[in-house]
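**Student:** Listed below are the residues making up each chain.
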Amino acid sequence: MTIMAPRKFGDSSDGVVGGRQTRFEGDLKVTGAAKYALEHPVENLAHGVLVPSTIPAGRVVSVDMQAALASPGVLLVLTPEDDFGMRVATDWGGNRPDEPYYPLSREVRYNGEPVAAVIAESREQAVAAAKLIRVTYEEAPHVASLDDPNAGEGNLLEHLSASWGDAEAAYAAAPVKVEAEYKTPREYHVAMEPHGLTAKWDGDQLTVWEPSQWSHGMARSYAEWFGLPFENVHLISPFIGGGFGSKGAALAHGAVAAFAARKLGRPVKLALTRPQNFTGYGGRAATRQTIKLGATQDGVLQAIVHRGASETSTYGVWPEQTGAATPIMYKVENLSSEHRVVPVNTVTPGALRGPGKNPSAFGIETAMDELAAQLGMDPLELRLKNYADRDYQSGKPWSTRRLREAMTEGAEAFGWSKRNHAPRSMRDGRTLIGWGMACGTFPVIQAPSEAMIRILGNGRVEVVSGAIDMGQGTYTILAQTAAEIFGVPVDQVEVHLGDSRMPGSAIAGGSMLAGSILGAVHKAASAARDELIGLALSEPSSPLRDTGANTLTFSGGRVSVGGEGPSLTLPELMQSLGRDVLEIRRNTLPDGASMEDQHQAWTTMAKVEGPTMGEYSMHSWCAHFAEVRVDEDFGTVRLSRMVSAFDCGRLYNPRMVESQWRGGIIMGIGQALLEEGLVDMRNGRTVNNNVADYLVPTNADVPDIQVISVGVPDYNASALGGKGVGEVGIVGVAPAIANAVFHATGKRVRELPVTLEKLI
Amino acid sequence: MKDFSYLRAASAEEASRAAQQAGAMLLAGGTTLLDLAKCGVTEPDTVVDITRLAGLDTINVGEGGLTIGALATMSAVADHPEVKTQFPAIAQSLSLAASAQLRNMATIGGNLLQRTRCAYFRDPQAFPACNKRAPGSGCSALGGVTRNHAVLGTSEKCIATYPGDLAVALVAFDAVVDLGTRQVPVDDFFLPYGEAPERETLLQPGEIIRGITVPASVAARQSVYLKVRDRQSYEFAAASAAVGLELEADGRTVSDIHVALGGVATKPWRALAVEQALIGKALDADLVRSASRLSMEGAVSHGDNAYKIELAPRVVARAILQLAPSLGDLA
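Here the protein sequences come in this chain order: H and U.
Take the first sequence: its letter number 696 is residue 697 in the numbering used here, and every next letter is one higher.
Take the second sequence: its letter number 155 is residue 1023 in the numbering used here, and every next letter is one higher.
I should point out that these hints are in silico values taken from the structure, not numbers from a laboratory.
None of these values were measured; they are calculated from a predicted model.
Hints are all accurate, no fakes.
Partner residues aside, some chain H positions facing chain U, computed with beta carbon under 8 Å:
| hint | residue |
| --- | --- |
| 1 | T55 |
| 2 | N112 |
| 3 | A129 |
| 4 | F635 |
| 5 | R639 |
| 6 | L675 |
| 7 | R683 |
| 8 | R686 |
| 9 | V688 |
| 10 | N689 |
| 11 | A693 |
| 12 | D694 |
| 13 | T699 |
| 14 | D702 |
| 15 | L757 |
| 16 | E758 |
All C-beta atoms in this analysis are idealised placements derived from N, C-alpha and C, irrespective of residue type, glycine included.
Whole structure, please, built from the sequences with the hints as guidance.
**Tutor:** Right under this line is the structure:
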């Protein structure tokens, strides 16, 4: 889809990287003109629905589908009996077992696992027929959740362990000790747009309209499932109605729809119901962790001992790493951290905003608050006192770490210095008021990416990439980047995104997209400009040839020699060169990367670079300051004020970034106060699997949120100096709020969410 | 969703006739009907649309009290200037319910008939046992996740909470439901669960709620609806209280008091014991708090919902104290 810049708003600085250009696709979205995947019109559609299991463990003995097949409009019923002829696709870790793939499983591993599907002429007919399917199960014993007495201690993941010094001995010797257990529940993405797709075959060419955080990665899965060349799959995702980590992988329902479409010879649309969205892709795993902090009497950390666990499924390992932030937050000479995964009968948990770092920060940042309370010390002072001057885990220096500035500037804006550190020291009638703070972090991750720049005869500049805009502003910042390089207004730039047939890109996840794709766009656009300069100075038809200059300036919509003498607009230059189009494609892989390397780079995580793979340790940082009002009688907690300061390096578009930060903070409010998947222990079902019962914040729950940037460009972290912004916003919000609740009430809640029954 | 036929009734009589047919359901705002149809709890064969019936959407506040037509929307009543001044608890119960979009669609008659949010009631595929849906099949909520379930009025058959707010205020102020051929006190309109939780009201097939009347009183004019919940808006009550209070000239002695609870019981719950403990008494904060505890007489916890037994009396007490400003800043 072509996105054009709105021609209103903004100021002269908008068309450059770092300007506050308004959202490119904003007009389309607010007017409803933006077409989301499930809205894409396709003729002759059939409609599919899934039949989820209602037991947590066991096997499907038989599926009685006679009544469903006889139901009006039914075209096809699929069950585990069907030979899908599909093969398992490569997982995120790059592994590809040589096994058949059954998107409808005979083995039931969790309550809600799809065990049958009905395809009919209309969705209503499919839904009605699906209710007539009778599945006979042979039930097996199950483990409902991390809290199940039969869950056990789980399996230690040694590659996630961290250890230096002698943490247990240092803890034992420390004069001041804190030891506590912290727990977080299952949490869910709850994107407004449900999972779903339309799949259409033309011969052996498959087109998929599906919301995606990664067009190339998901296209690869479809290709591998069906044994097709990658090029035969065309996945289209110009817009996403919320991803938050849930839409980065092709899932069973996609396989069912694509298979059914091929079998029926007509396109199939399949959308998950709201309850099915709770099992279509796993939410954040429930976690528990024990933290022991040892310190001197004046608050110098001596030891951190961390033991954590998260639930995973019985068929996959997803570590919601409770020790992800613990080792890098503070200066400490003795640390030991271990994380285990506990298999239970759930869908394999998945990536949800700030994976690992998020529950990890809840543990360490609450424990630090407990230590401060025990010492009678300002929690801010305690953190500054133990400020990590380097990464004690990797031993590497920070590339940039302006967490100190985040803490001090956030504190200044919040008015933290006026805080009486005694709990229950502020009240307004029956309302207790509390101030709390916590820090957060998220690593800088990068992946190779590719982009194409096209300059048209009419002077328009096109940016083309398979990268995804899921609301974070990819369209906008790519246009700004190109506009800056060609010295043209933003509205002269068009951006094409969200298509697996466009150049490959990093996933819109792990906060890695902006830094990765901007590098590619910047490189391609610079190369295109150089090419134009070369042509303008060498082609006989070019009026600039005789200037004798060795380079040209692109500024104010004109091409000239340093702004002096003759100048041409881009269309005039293209016309003089006799060119209708100039097209340049560049990627950020090392020169000479093979086609296979390129394919691997765009479609797997194999070439993703972590935060300490170079000579520095690279992370985004933040400090949150929260004010809560707690009704003393009712235990209800309302957030009344929030100030958050961030070090995310250079901001490519502060308006977009601030919006993402606020979005992360709002999600954090939900995590702190509302969100919890309630599991029925008898059958492992999440019973509040809808948006009326699984609560996320409403506007009324969201107070004024002030966000502050304290970052400086970090050119180790990315080509243009930015660090990730998408995930760090949520990390540390829950402990800041829970710490504020402690300050208000004197009650320490160590288990999220902080609901009223924990306070009355 | 199952196919159904649709009939737009031209008169209340036609609607009533059509609604007597097996499998027929009335459609007004549709906010509950559509929701329950989507989760497979209600599967009507015929939907009888009564939204075009004339004269059923009026709101009148007169000397005798308040009369509301069954088809008046929640938002129209909530925003009605005289309802806000003469029956504040009723206006507040509506404006604190649901979301703005739902309040614009949902009708007063339909609101009374709102079904429970019990997760087990709403998930027939995974939880076939539900005495409300399938009498005699059992109760899946017992032994399950019960954080939002009732502590009052429950039976061995069902512990589902009545979810609404308006009916709590109506019960407090002795409202009467107009069924056309008979007038029924709203407290009688809602049936105790006992042995038959599938029967929630005494509506007979074909009977249509025409409207509601609420007698005028000083207590109704000096009333409040206090709703406590995890989320600031768009959520059902963890516990709520509708309270009306009339004091003697001394500003302390109770001459009339009305108390009802929501979010904690299987039906809108009049707390007569609290009223009786306070009537004729000179109020003080301790008395109010101890009397409010009487609202939980007979309460039974099911584990997760034990907090309601502690919370609800506090809500009642706060509501009463809010209406007695002469007691000072106790609320």
